[in-house]
Amino acid sequence: MSENNVPPAAATQSVLRLFSIPGLAKLGVGPLIAGVILLAIVVVTLLSPWLAPHDPLEMQPMLRLKGPMPDYPLGTDPYGRDLYSRVLIGGRVSLFIGIGAAIVSVLIGLVIGLIAGFFRMMDTVIMRVMDSLMAIPSILLAIALVALNGPSITSVIMAITIPEIPRVVRLVRSVVLSAREEPYVEAAIALGSSMPKILFRHLMPNTMAPLIVQGTYIVASAILTEAILSFLGAGVSTEIPTWGNIMAEGRQYFRIKPELILWPGLMLSLCILSINLLGDAARDMLDPRLKKRGE
Amino acid sequence: MLFKSRNFDEAKTVLRIEDLVVSLPPAAKVKPVLNGISLNIRQGETVCLVGESGSGKSVTSLAVMGLLPKNALMVTGGSITLSDTDLLAQSAGAMQDIRARRVAMIFQEPMTALNPVLRVGDQIEEVLESHTKLPADERRRRVIDIMEQVHLPDVERIYRSYPHQLSGGQRQRIMIAMALVLEPELLIADEPTTALDVTTQKQILSLIAELQEKHGTAVLFITHDMGVVAEIADTVYVMNHGDMVESAPIETLLSNPQEDYSRKLLAAVPSLTPRVPRPAPEGAPVLKVRRLNKIYGGGGLFVRRPDTHAAKEVSFDVARGRTLGIVGESGSGKSTVARCIMRLIEPTNGTIRLRDANIAHLSRKELKPHRKHLQVVFQDPFRSLNPRWTVGRSLIEGPVNYGQSPKQALKRAAELMEIVGLPRDSLDRYPHQFSGGQRQRIAIARAVAMQPDVLVADEAVSALDVSVQAQVLELLDDLQEKLGITIVFITHDLRVAAQICDDVLVMQRGEVVEHGPAGEVLGNPQHAYTRSLIEAAPGRSWDFANFRALGAA
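Residue numbers (full-length UniProt numbering), protein chains in the order written: chain A, 1 to 295; chain B, 1 to 553.
Quick caveat, the hints were computed from the structure, so don't treat them as lab data. We put the beta carbon where it would ideally sit given N, CA and C, even for glycine. A hint or two may mislead.
Under 10 Å between C-beta atoms, here's a sample of chain B residues computed to sit facing chain A [unchecked claim]:
#1 K133
#2 L134
#3 P135
#4 R343
#5 P369
#6 E397
#7 R446
So here's chain B without its partners, still in its complex pose (with noise of 0.2 Å):
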């Protein structure tokens, strides 16, 4: 793999921190949430700092801008010097410049970031409306200039666009020339490419290097993303509770890490090498799609407007103790595939058996027998619970509805406890007293208590921390393993899709576009689409958990 391995001890320093302690008002007395770090960025340098959530990341790049929320978080002691000038000793006022000329920040979400009622251009145009005095066609000229450098297609015709007329890839360029366009000497990106897809994410990645190397900007880049890290880092510093860990140029730190934490952390990072084949199942496949379309109906009563066709013609078979696994961009279908098998929607058209009944167009009443041979597990582990209901409430819901005495269904639920490995007592709290993954292996319990054939995942690990993620994935193989369970995994992530997929089902505008054994299709694509979406992967050629470039054992 090729590393970033640039010389920068002649470089000057852009942004020194030392000892930095951010804490909670002095009542609390707990822990600094920012526990005396020390970093330096030089000037063209990208330093990438990596941390599971609640490390400290944003707090860090947060001080950085004086952005701190005030009253409810302080800087307690150390240092912030953005060459030379000391940014913990500045008024507001003068905050203010040096975060529009000095420094700039791009965030995670574009939409939430851009003002949904102004023109982008406008949005652009006004950094330096309200920071420099240059006359308006020369600031016009500025703006076509920066977006000409993002890379935007017609730029005149982006320049008069609303934010929501734009796709995420579009909108995050625009974020970069807005943050850019002033020219800063230090750009703070933090998570700027978790929402995108990963062709987009590799385009804005790239697009970030080159203006770095253009302008000799500083980047710091906050991710979670270890492929994102070995991709564009130069240095990499790794943040554990208001700690920092270790810090390390890339290729020592991928390849030595010294500290347990950096270990742990490379470590859960999922190889996409696919997991070894499983012997081939027995018997007739337990759930069988045959040419399922979804199409959403364009307009109403007086508008016309084009039909979606959501799915096309999507047919699988998955065998009983199998995975399969839906992968796809957003947009692909994927989770109207997984949507249509849980019969939360009705396709247009098609057949779903299972365990040898069309359950496709069956109405309400009839799927109720159905429904409980047919689990699923959400993505967002704070919504998929009711958060008015103890556990124990939601994880007998279904064993009650289909006759179980609430008694016996407690009494199965607490096992149920064990099993995910969480403590029995835990049926009787509520959901905001557990953590995202102790939410989601509920969530795992609450499906799992129906004894279902099929489980569908629908991005059942995608919000989780790689280390929590690693322990939620083991969980599901070990309860398929255990109980036979058939799992449909939706995922966009082809490192999760390796772990645990035994087959694979590549997804583009609703088509399938390859389908076929996991070691096949992830090891020898032969669609020109999975090939981009593999080649997108970040650090795909590193083999994180055990320490080396893959190939190279």
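The following block holds chain A by itself, in its conformation from the complex (with noise of 0.2 Å):
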């Protein structure tokens, strides 16, 4: 086959191996999409500060729940805020709460995850306690906390990540405990390797593709919890605007503006819809078996 007859589907596929990741140009356009809509949310929300127009806390009794108009794209809500510059500024909260729940319960998760793994003796006394951990639901969790030291983004960040972890927990023990039956693994010890260089050396770099995989649905579940967390009252204090918030204001107004829950949900499903397909494609590429059987 010559060079300039390449079919339709073969130029997309070349376009996608402009960007030379490996597996990229196999996993299709979808995560490509996805990625793209993340990203451009991502800086949106990062230079909202300099693209909103308006303080997002700016209130104008003269123009409550007002239409679109020239200077305020989305219109405004009942206390006459600017909807536009609040959606901008409250998805910089939203996915801050995102991805640091993700962080904190990955990193903790990864440590407790090890040490289970490894030493024999801690393993059924962390599990137990990792466990219990997991019958706690968040959202109650949350609103504990918040009833404890009042709503802040501490508080949420707590409430998500703790019933997180242990699932982080069990991920990472159970790859552990696969790989240090590795003959690698036991050659190193035969090497009089220390403990730390087995554990971080050679153990801790089995884990970090299933935790990216599992860091993405944090991302995204933790997003939805703040949102669910802010719509019952029990997030972030209403002084700062976020998706969730945005929407639990726009409740009562629902028949009279439906925008004010539209636009905020619209920005959180997209969020979450391409963290999602970002995390699936994330586990076809590092999981090789998997895409196999997908095809």
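If you follow the hints, you should be able to join the two separate chains into one complex; please do so.
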């Protein structure tokens, strides 16, 4: 076949190949679009202080519940605040909580999981503690923490992180348990390698691929949990706009002005959908066995 | 040696493969996987297809079964005819029926070929259910009948058993029963005994022969083991890199191979005759094991299960520069002993003296100074090197742990690469870029880099092809000569043990049943178990390397 009569499908593939990330071309267009959308959301929310035309907290009693105007592209909310600015700024907190909760739970879970998997003595104790942590529902925990400490980003991250840690621990432990039986680990023991060296140089790299995948799912579910908590009034204080509490405030005015819920909801859905799609793509790329089965 | 030398001139041809070409997709411009091979099997004949890994043996069998992986491999020329049926012209549905009724296949690993969640009796019955219209009671009668034919004990009980409740040999019998219940014309056996112990292997081989005689089945037997070939083959086809090198009746091939490759393959088969004894060693033994026991505890806090005594009162000495072989079947405790010596596990009691220090019960920290005197080479060369590390990084791990500078260690590693016969630039490459034999050389280099006194080789050549096996054994012997390393060689293969060991220790169910110089143990075994092991070794009365019967010099 000559080079210039490539079928259209192959043309897309070769465009993808330009990005020259191994495996990307095979995954197709879906994850690529998801990546572009997510990147756009992240860039826009990071730049929101400069992009937002108004202060998201500035109330204009004269401009309550207005429709789109040149100066207010998405209209205003019941207090006359600019909805566009609020959605942009609100994304910042949502993403921060999502990524923050994922990083904290992955880091803590990784350390505990490595210990549980490698030291037989600790295993039973750690895992039973994890089982009991897993039984705590994050919503109830958040309400309790907010009642104790008052509404804050830290309370929300803690509430999401604590029930998420046991899942990470289980994942890491299972990877370590199977990897420690590998002959190359036993060879390292025979070569006199110290315990930290075996743990961090030989065993930990095995956990990276599943953790990246798990991490993306935690980001998505944390953003969602944050939204639910804010919606219930158990999340971040209403002074800081998040997608969740913008929707909560718009709830009463849903009949008059559904955009109050539509825009933050759309951003939330797009964001979570793209993160989940990227997570699936990462899993396919990092676990060749699953990819094969899918074909 | 008594070969099967039956005459098949009158018998009708069951399978005829002519000029079969199997290629990778056209985009890949490489040599075909099968390069125009031809093969004939007649009724009641056993044809052995031999060759090393990658020679195309299994692809041939998959092509016959119509099971070549789609889009990866395709038949691009030639023909496959099963008594007048052109198999390549059949539709997928027709092939499915042919696969059950006329061609059957048994595999290497019966545990993965059987469904773990169904009773084995039901699995055999399922074959009848989907391919015949027999009533239920007749089906059951046929299943019981075939299970009796494969000599399973207590058929009623085994009918109701799940695969994990049976031994490896019993599972393979179930597979054979399943394959033969519809009385196929052709049975394809792909390394059916490779995963089994020698004594079980012997039983399975004679079972296949018996059933073949009874039903007149043609058998295509794929194996890499020349000993097995000598036992069972009528005709042998030798393959190499997708080419059919040579085919001949068994006796002709073994006594007068025509092609260089066949000669090379036969010459690499280790002989069962023990090596020429080396002069007795001087000085105190390097490794002294006394009354070593390892008991795996039964149950936990609430459940009580009987303890497993994996090693019972094992004692032996090995002198500097000598090789001790620990021989036994699976479950004999040989690997437990090896892992105790390596202190990868702690023995329950007993002493292990390494250069006069008892290391049997030392803690992780206390062990560190002793570890460098004791190194290990594992069976599976694909898993014994960290796939994420370059070879160089793996090689210097040990020396750096004991205070050498990485630079110095790398220099030494480069020298070691040359000693084990690999190019110096291998250090910058990753394990997956090497073949199995090369990786095993790397693993040996890594062990030798520590300048150990004792090297434990746990089935170190079992996963390798015979020609590679011979090279690795030679390398070990060479290193021993140069560096005076003591080797503890764990193996299930008596031929390998005969090649390399000065002394042999035979284990059965955790106990040492016989221990002495290799010549005595293998030449004049005292214990019944040792004798049964030697008798079960396939092709034991043929001297493959010299193309003649043993004792016919």
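Against the structure, the hints:
1. K133: violated, 35 Å
2. L134: violated, 36 Å
3. P135: violated, 39 Å
4. R343: holds, 8 Å
5. P369: holds, 8 Å
6. E397: holds, 5 Å
7. R446: holds, 7 Å
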